[in-house]
Structures are given as C-alpha cells and as structure tokens.
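Chemist: Take these sequences, add in the hints, and give me the full structure.
Mind the numbering: the sequence shown is residues 1 to 479 in full-length UniProt numbering, read in order.
Any given hint might turn out to be false.
What follows is a list of derived Cβ distance ranges for each label pair [claimed, not checked]: (1) P177 - N420: 49 to 57 Å; (2) G242 - A108: 31 to 39 Å; (3) P453 - P426: 34 to 42 Å; (4) T402 - P177: 53 to 61 Å; (5) A108 - G252: 38 to 46 Å; (6) K49 - E343: 21 to 29 Å; (7) S413 - S300: 25 to 33 Å; (8) S341 - K246: 28 to 36 Å.
Below, computed lysine-lysine pairings styled on BS3-like, alpha-carbon distance capped at 25 Å [to be verified]: (9) K256 - K49; (10) K189 - K255; (11) K255 - K119; (12) K256 - K119; (13) K199 - K189; (14) K362 - K419; (15) K324 - K199; (16) K249 - K201; (17) K451 - K397; (18) K15 - K120; (19) K246 - K197; (20) K201 - K324; (21) K189 - K247; (22) K324 - K110; (23) K359 - K419.
Simulated from the structure, these hints should not be mistaken for lab results.
All C-beta atoms in this analysis are idealised placements derived from N, C-alpha and C, irrespective of residue type, glycine included.
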Amino acid sequence: MMLAIAITANAETEKPNIVVIYADDLGYKDVGYQSDGEYQTPVLDQLAKEGMVFTDAYTNAANCQPARACLLSGNYTPRHHVFAVHSTSRGPKNKMRLIPIPNRDGLAEKDETIADALKKAGYATGHFGKWHLYSKGGSESKGGGGALPSKQGFDVTYDSFGNGPLAEGAKGNQKGPESDPKGVFDLSKQACDFMEKNKEKPFFVYLAHHAPHGPYQARNSTREKISDLYKACIYDMDASVGRVLKKIKDLGLEKKTLVIFTSDNGGTRSQEPLRGNKGSYYEGGIREPMIAFWPGVIKSGSQCSVPVMQADYFPTFIDLAGAKTEKELDGESLVPLLKQSGELKRKSIFWHMPGYLDKPVKRGRDKTFRTRPVTVMRKGRWKLHLYLEEWVLDGGKGAIATNNAVELYDLESDLGEHKNVANENPELRDALVRELVTWHGVVEAPIPTEKNPEYDPNATAKKKSKKDKKNKKSKKENQ
Numbered sequence: 001m002m003l004a005i006a007i008t009a010n011a012e013t014e015k016p017n018i019v020v021i022y023a024d025d026l027g028y029k030d031v032g033y034q035s036d037g038e039y040q041t042p043v044l045d046q047l048a049k050e051g052m053v054f055t056d057a058y059t060n061a062a063n064c065q066p067a068r069a070c071l072l073s074g075n076y077t078p079r080h081h082v083f084a085v086h087s088t089s090r091g092p093k094n095k096m097r098l099i100p101i102p103n104r105d106g107l108a109e110k111d112e113t114i115a116d117a118l119k120k121a122g123y124a125t126g127h128f129g130k131w132h133l134y135s136k137g138g139s140e141s142k143g144g145g146g147a148l149p150s151k152q153g154f155d156v157t158y159d160s161f162g163n164g165p166l167a168e169g170a171k172g173n174q175k176g177p178e179s180d181p182k183g184v185f186d187l188s189k190q191a192c193d194f195m196e197k198n199k200e201k202p203f204f205v206y207l208a209h210h211a212p213h214g215p216y217q218a219r220n221s222t223r224e225k226i227s228d229l230y231k232a233c234i235y236d237m238d239a240s241v242g243r244v245l246k247k248i249k250d251l252g253l254e255k256k257t258l259v260i261f262t263s264d265n266g267g268t269r270s271q272e273p274l275r276g277n278k279g280s281y282y283e284g285g286i287r288e289p290m291i292a293f294w295p296g297v298i299k300s301g302s303q304c305s306v307p308v309m310q311a312d313y314f315p316t317f318i319d320l321a322g323a324k325t326e327k328e329l330d331g332e333s334l335v336p337l338l339k340q341s342g343e344l345k346r347k348s349i350f351w352h353m354p355g356y357l358d359k360p361v362k363r364g365r366d367k368t369f370r371t372r373p374v375t376v377m378r379k380g381r382w383k384l385h386l387y388l389e390e391w392v393l394d395g396g397k398g399a400i401a402t403n404n405a406v407e408l409y410d411l412e413s414d415l416g417e418h419k420n421v422a423n424e425n426p427e428l429r430d431a432l433v434r435e436l437v438t439w440h441g442v443v444e445a446p447i448p449t450e451k452n453p454e455y456d457p458n459a460t461a462k463k464k465s466k467k468d469k470k471n472k473k474s475k476k477e478n479q
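Modeler: This is the structure in structure tokens:
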C-alpha cells in the first residue's frame, strides 16, 4: 500500500491527455491476442503490438459496481464499502453461515475521484457510458446510494441508455438502432466529439462501454460474419475502440495521449486455463486484459508481468498530470512501469469481499455461490484465499491446518489454481495470513462475525421453475 499524499509530477512535464476505455464483463481470454484467435479483436490486437501489454493486471473486485468504485477512488473496497452489485446477500439465505456486511451502491459524494483531482489540475473531464455507482433508492448501507457523475468531477456525462439510477445498460428489448444496438459507436462518437472540443487543453475521458455485458447485441452486418452473438458483440466493441484511436491520431494528439484499455471483471464464459469467471476471486474472475498505449513514451510491443491493479490508475494519472490529492490512496503510480524506468515499491495486493454472490462458477469452491465471504492477497508468485466462514466459525488460526479456511496457490507453476499447497508450506501460509490480517487493520476491513440464524446445514437450494428462470434471466444476467 502507498500513502499518496500531495503527489506531484515534474512541473516541466506537459500534462498528457488520458483516455480510459473500460469494457464490461470482458474476460482475460476474451480478446484475440490472448485467445489464440478465438475472438476477433483486430483493433486491440494491433494496439497490443504497438503498446504495452500487462499480463498480470487485476480489477479490485470481481464484479461491476465495486470494480468501478475502486478504479475511480483509488481505494480498496473496505475504504468505500462498495463490495458487490446491489447486495452482499445474494443467494439462498439458508446456505449462508454468516450475516454479510451491508453494501453501498456507490461512492460518497465527498469521496474524491480521479475526475475531481484532474479537474482541479485544469483537465476537461468526460464520462461516457455505464456509471453504475448511484441508486435513488439508497442501499443496504444507510446513506450509501452514491452520486451521479456530475457530482464526482465530470464536466460532461453521457450514456446511450441513460444514467439513472444505476445505468446498468440495455436490458431486454432496450437497445439502440440496428446499426449500433449496444451503443458502442454512439458512446465512442460522443467521446470523440468531446476530445475535439477540448483538444487545446488536457482532457480525461472515461469511456465505459456496456459491451459485452448481456444481453449480447451486435450489428446485423457483424452477425453475418460471426454467428456467435457474444463474439459478435466483442467484435463491434473492438471496432468502436478503433474509432477513438483514429480520432486521437487525426487530432495530432497521439504523442500527447495515454490510452488504457481494460475491463471491469472476469468474463462470463470459461477463462481456462484460469479458474473461475465473473464474481469469483480465482484468477478467472479478477485478472483482466490491459493495454497501455502512448507513442514516444511507452515502448512499442512491450510487456509487463508485474501485478498491477485498477486502484493504481488514480495515483498514476495525478503523477502524470502534476496534480495532487490529500486523500489516502491504496494504489501506486505505474509511471515507472510505463516508462520502464523503475519498479513498484509494494510487494502485495489485496481483495476483500465480506458477502455472498449466487450462481456458482466453473471450477468454483462450492455449488451454491460464486463466492462466499473471502479476503485474498497476491504476493509475487503466491496467491492466498482466506475464507471467512471457516476462519470465524471453525477455529481460525488454531485450526488452520484442518478447517479449510486457507487456500494457497503457486501461480508460477499453477496458474489455474488447481492444487492448494497451504498445508505443504505452513510457514509461508502463516506468514501470508499474518500479513493479510494486518492489512485488515490498516484499511479497517469489516469482517462478518455474526452467525446467520437462518442457516440450515441440511438445506438444499430451492429449485426454480423454467418460468422463474426465464423471468429473472434478463434482470440478473451477469451482474
């Protein structure tokens, strides 16, 4: 962790434009350059050749809402209490051993964002697309309904499908015209218009697509070439990215603009060889595609294997912009990595999810939930999961060798997290657990400790009728 207080860049450095293109539910393996061509993403494939590919890039949470909160705030989830989408109590209550920590639906209006800091530094700030950090109805956590983009540093905000209350995107039959059913080209055009209007001053663009989050939609012309609708949706999004890159080039701003492309969480399809997918804290749920592009600054065709996270964007951007903040940031500036001029100071990164997400994932821990209350860390080659039900209720540290609370994986030899080696490495396991518990204290991570009176160890999940499943599919698909 880094305390980023009053970070400043060299005063002589020109403030670069900054463009973040954020896909929705695009998994690590859902791009051509990381899937051996299974997916057609020619624009991103070319960008990967011309920019820097981060092989170990992480989101700070395994689904949409908390991931966005972490990116914009520069903080881990315990700082803002946005842990999940809507609720941390998703799934059959009688299968939950603990009462989860309540969830917030967005950042507090007073919580400084990237846009706030850059706006103070003279940047024009524009948000285009999905927001997902505001709820008119409040949230599980009192006063935790969040705020709209206009209240969190953005001069301009636009979405093809509206921004309120949560701007989850197209649902059911809600879609744009045949020429742009998912709104990817509309959002890109709005971002391009914003860049042209503000080309004489530094700008920050946060372009948050709804694609390829379900329902999957694509142009008819694309579907004629690609029959798989999910892959067709990704192809259209990729094409829209090309329009943004072309606009930057046409404006003569390529060498003045840092572009970062990434995604909010793991994909909904298999991410093999990575374990799990969206909603899971195994690699398939949190490892993301990430490309950084900045001609003349970032070496073309370069690759970085240092673990990085989206909370790093805030300190990175204010470092480049010569901006400053008094808030406590959990990220660290990536400038030394982008410029290949140095290393990061931190050795570990963390995740914290004190609740339940239903719908089990591929090769998950159980058959009911994508995740149960868990806190996770990565340190070098090692990845440790600490499951809080077993830790809190089944003896904790005193029973660590037998209570199944800890999973430890060597990602260097076991990227797919197949073999738990916790008990084979007791000294390492215990040292990592101590570090993780110490981190809990630093960020004041809330730990669920209250037993759930509704829990029934013999309960079986209630089977839903086909009609119930159909009615709920559109509403909850991929959240």
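Chemist: For the pair supplied as a hint, K199 and K189, confirm whether the alpha-carbon distance does not exceed 25 Å.
Modeler: holds (15 Å)
Chemist: Is it true that the C-beta distance of G242 to A108 lies inside 31 to 39 Å, as the hint says?
Modeler: With Cβ atoms ~37 Å apart, the hint holds.
Chemist: Quick one, are K246 and K197 close enough, alpha carbons at most 25 Å?
Modeler: Judged against 25 Å, a Cα distance of about 16 Å means the pair holds.
Chemist: Given the proposed pairing of K324 with K199, does the C-alpha separation stay at or below 25 Å?
Modeler: holds (23 Å)
Chemist: Starting from the range 53 to 61 Å, see whether the pair T402 and P177 falls in it by beta-carbon distance.
Modeler: For T402 and P177 the Cβ distance comes to about 60 Å; the hint holds.
Chemist: Would you check the hint for K189 and K255, treating anything up to 25 Å between C-alpha atoms as holding?
Modeler: Judged against 25 Å, a Cα distance of about 21 Å means the pair holds.
Chemist: Taking the CB of K49 and the CB of E343, does the distance hold inside 21 to 29 Å?
Modeler: At 25 Å between Cβs, range holds.
Chemist: K249 and K201: Cα distance at most 25 Å?
Modeler: The hint holds at about 16 Å.
Chemist: Given the hint of 38 to 46 Å, check if A108 and G252 actually sit that far apart at their C-beta atoms.
Modeler: holds (39 Å)
Chemist: Indicate whether the distance between the beta carbons of P453 and P426 respects the range 34 to 42 Å.
Modeler: holds (35 Å)
Chemist: When you take the CB atoms of S341 and K246, is the distance between them in 28 to 36 Å?
Modeler: The hinted range 28 to 36 Å holds for S341 and K246, with Cβ atoms some 30 Å apart.
Chemist: Is 25 to 33 Å right for how far apart the beta carbons of S413 and S300 are?
Modeler: Given a distance of about 31 Å, which is inside 25 to 33 Å, the answer is holds.
The structure meets every hint from the earlier list without exception.
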